[in-house]
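Chemist: So the sequence shown is residues 1 to 315, counted in full-length UniProt numbering.
Watch out, some of these pointers could steer you wrong.
Derived BS3-like pairs: lysine-lysine, alpha-carbon spacing no greater than 27 angstroms straight-line [as the list claims (entries may be wrong)]:
1) K215 - K315
2) K66 - K131
3) K309 - K233
4) K287 - K217
5) K292 - K217
6) K132 - K101
7) K154 - K140
8) K230 - K309
9) K211 - K201
10) K101 - K53
11) K132 - K119
12) K211 - K309
13) K66 - K101
14) K58 - K119
15) K292 - K309
16) K215 - K199
17) K287 - K269
18) K211 - K199
19) K209 - K292
20) K309 - K199
21) K269 - K233
22) K140 - K66
Hints were generated in silico from the structure; no laboratory data involved.
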Amino acid sequence: MEPTQSPEPRNNSRILLIAALFLVLLGINGVLYWMNRQKSAENEQLTTQVAEKDDRLKTQIAEYEKLKADFERQSQEVQSMGLSNDSLEAKIASINADLLKLRSFKSSSFSVAEQRRFKARAQNLESQLRKKDDEIAQLKADNEALYTEATTLKERQNKLTDTITTIARTNQELTEKVAVASRLQAENIRVGVVNSRNKEKDDDDNEFKAKRVEKIKISFNLARNDVSPKETKQIMLRLIEPDGAALYNLSTGGGTFMIDGSEAFYTAKQDLVYDNTRQPVQFLYAKGAAYKVGLHTIELYEGGVMIGKTTFTLK
1 MEPTQSPEPR NNSRILLIAA LFLVLLGING VLYWMNRQKS AENEQLTTQV
51 AEKDDRLKTQ IAEYEKLKAD FERQSQEVQS MGLSNDSLEA KIASINADLL
101 KLRSFKSSSF SVAEQRRFKA RAQNLESQLR KKDDEIAQLK ADNEALYTEA
151 TTLKERQNKL TDTITTIART NQELTEKVAV ASRLQAENIR VGVVNSRNKE
201 KDDDDNEFKA KRVEKIKISF NLARNDVSPK ETKQIMLRLI EPDGAALYNL
251 STGGGTFMID GSEAFYTAKQ DLVYDNTRQP VQFLYAKGAA YKVGLHTIEL
301 YEGGVMIGKT TFTLK
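Can you build the whole structure from these sequences, using the hints too?
Modeler: Right under this line is the structure:
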């Protein structure tokens, strides 16, 4: 009987095959692990790059927003000084356009070239902003100096106006005083009557018979007045009858004149050159009709101001 053959060689081959497969699988897993590590590193790097671009984009947008706010501030300051702000408004419009462009970028599309371009533009705008701030500061200083100067001039003008007003008021007061002081005065007023036979009669009591009166004679002197100018004066006579009406007849030289802003009738007038010599003046008035019985009043005026007054009675 032949002896049984040992299975060892077959088992060894199986073990070797399994070991070989294990090693192959281990190698594949190693390769996969390495590839996954590489991919993770690349993803992390890409994520970092995207985050950095996003930060740079956000920073750039924030910088342009600040520039816009600063230029708007400058525009308001210039406008408050009453100056044109067209150039600043143009810059603000340009910055708004830049902001619109920046906000349209995705982080991944914000290229290095775009970053450099916008940063350079922002630096240029910042430089313009600082220069404009200096100009505005100088304008404010100039305006303050002008305001101070204008205020000083206004104060001086007000003082000068007050002085002129005071002088004008003083002159007006002096003029009024001179006007009052220069008023003429009729003195020694006497009334007489002339009858139809041209005979004159005086009476210390100024009482006369009405039926004998043809004309009324009023005589007086113009008192001395060193203030009143030596010039032509117009003397008005008002003969007021007992009923209060002033005799007035155009055919006998009557008319109207102003007394204290109101129109009044005068009976007669005459022009004379005042010479400050107490010169005599005389009126001779013929009514041309019968005189009324009662108290009559004589008023004398020069320059619209009464310079004398007296009364007489006809019986």
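Chemist: Does each hint hold? Answer for all of them.
Modeler: Hint by hint, here is what the structure shows:
no.	hint	result
1	K215 - K315	holds (15 angstroms)
2	K66 - K131	holds (16 angstroms)
3	K309 - K233	holds (18 angstroms)
4	K287 - K217	holds (12 angstroms)
5	K292 - K217	holds (16 angstroms)
6	K132 - K101	holds (25 angstroms)
7	K154 - K140	holds (20 angstroms)
8	K230 - K309	holds (23 angstroms)
9	K211 - K201	holds (13 angstroms)
10	K101 - K53	holds (16 angstroms)
11	K132 - K119	holds (20 angstroms)
12	K211 - K309	holds (24 angstroms)
13	K66 - K101	holds (16 angstroms)
14	K58 - K119	holds (12 angstroms)
15	K292 - K309	holds (19 angstroms)
16	K215 - K199	holds (10 angstroms)
17	K287 - K269	holds (15 angstroms)
18	K211 - K199	holds (14 angstroms)
19	K209 - K292	holds (10 angstroms)
20	K309 - K199	holds (25 angstroms)
21	K269 - K233	holds (10 angstroms)
22	K140 - K66	holds (23 angstroms)
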